[in-house]
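Once you've looked at the hints, dock chain B against the given chain A.
2 protein chains.
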Amino acid sequence: MGRNKMEKPNTDQRGHRTVNVRFDARGLVPAVVQDEDTGQVLMVAWMNEEALRLTQETGQAHFWSRSRQELWHKGATSGNFMNVRQIWVDCDADTLLLKVDPAGPACHTGERSCFYRRVA
Amino acid sequence: MGRNKMEKPNTDQRGHRTVNVRFDARGLVPAVVQDEDTGQVLMVAWMNEEALRLTQETGQAHFWSRSRQELWHKGATSGNFMNVRQIWVDCDADTLLLKVDPAGPACHTGERSCFYRRVA
Chain A
172 MGRNKMEKPN
182 TDQRGHRTVN
192 VRFDARGLVP
202 AVVQDEDTGQ
212 VLMVAWMNEE
222 ALRLTQETGQ
232 AHFWSRSRQE
242 LWHKGATSGN
252 FMNVRQIWVD
262 CDADTLLLKV
272 DPAGPACHTG
282 ERSCFYRRVA
Chain B
172 MGRNKMEKPN
182 TDQRGHRTVN
192 VRFDARGLVP
202 AVVQDEDTGQ
212 VLMVAWMNEE
222 ALRLTQETGQ
232 AHFWSRSRQE
242 LWHKGATSGN
252 FMNVRQIWVD
262 CDADTLLLKV
272 DPAGPACHTG
282 ERSCFYRRVA
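For the record, the sequence lines run as chains A and B.
Per my numbering, residue 172 is the first one in the first sequence, and the count goes up by one each step.
Per my numbering, residue 172 is the first one in the second sequence, and the count goes up by one each step.
Chain A with its partners taken away, still in its complex shape (with noise of 0.2 Å):
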């Protein structure tokens, strides 16, 4: 282990990079929430520091909600509960991408993604 983490030291155990989420001012940062298998886009939300604490600890995917400025457990009253199988950050590291197993339908009008409404 040791050893390996000299190799890539910007890996741990498991290959996962490293990686310093730079959060905006409002300490928030955008995640792009991804079918693990249909690769359908089901929506963004904002995450801030705890909200991607609980959702590493969890493997359920937590927000932080800005219209009600709470934190936000997807599915804790709907049931659509989010399992989040991989998290990558982009290249300056102030965006997530969540590729999760969705319980159910990702949006609260009960359509499969956010995403329903084709406008050009």
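Don't take each hint at face value.
Note that identical chains are pooled: a pair holds if it fits in a single copy or bridges any two copies.
Said to hold, decoys possible - Pairs of lysine to any residue, SDA-like flavour, derived with a Cα cap of 25 Å:
no.	residue 1	residue 2
1	Lys270	Thr182
2	Lys270	Gln227
3	Lys270	Tyr287
4	Lys270	Thr189
No lab work stands behind these hints: they were computed from the structure.
Using the frame of chain A, we list chain B on its own:
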């Protein structure tokens, strides 16, 4: 056409929704860029009203660069233009999803996607 319009008052003649995009206080919305063929999420960038208009007019992705504070025709310097096939809007109309045919890597690092680092 007129009849169709009356039956579907919120769609144009191609069946696309007419939605008022809700730009934030800075006049911006995040845009998720997805490879139309592979489903890979390539990047997230920001659009203002002009970037969205230019994208629709030219068929190539334009963004607003927050770091440079200027309009950014993706690929203008690298040649890696993004041909936009579809634009979708989310349920609360404050996030866009662009399905594109990319002419080359999305990321300035040369990676196909900006999300090339898995963190969990």
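Subject >> Numbers of the earlier hints that this structure fails to satisfy, in rising order >> reply: Failing hints: none at all.
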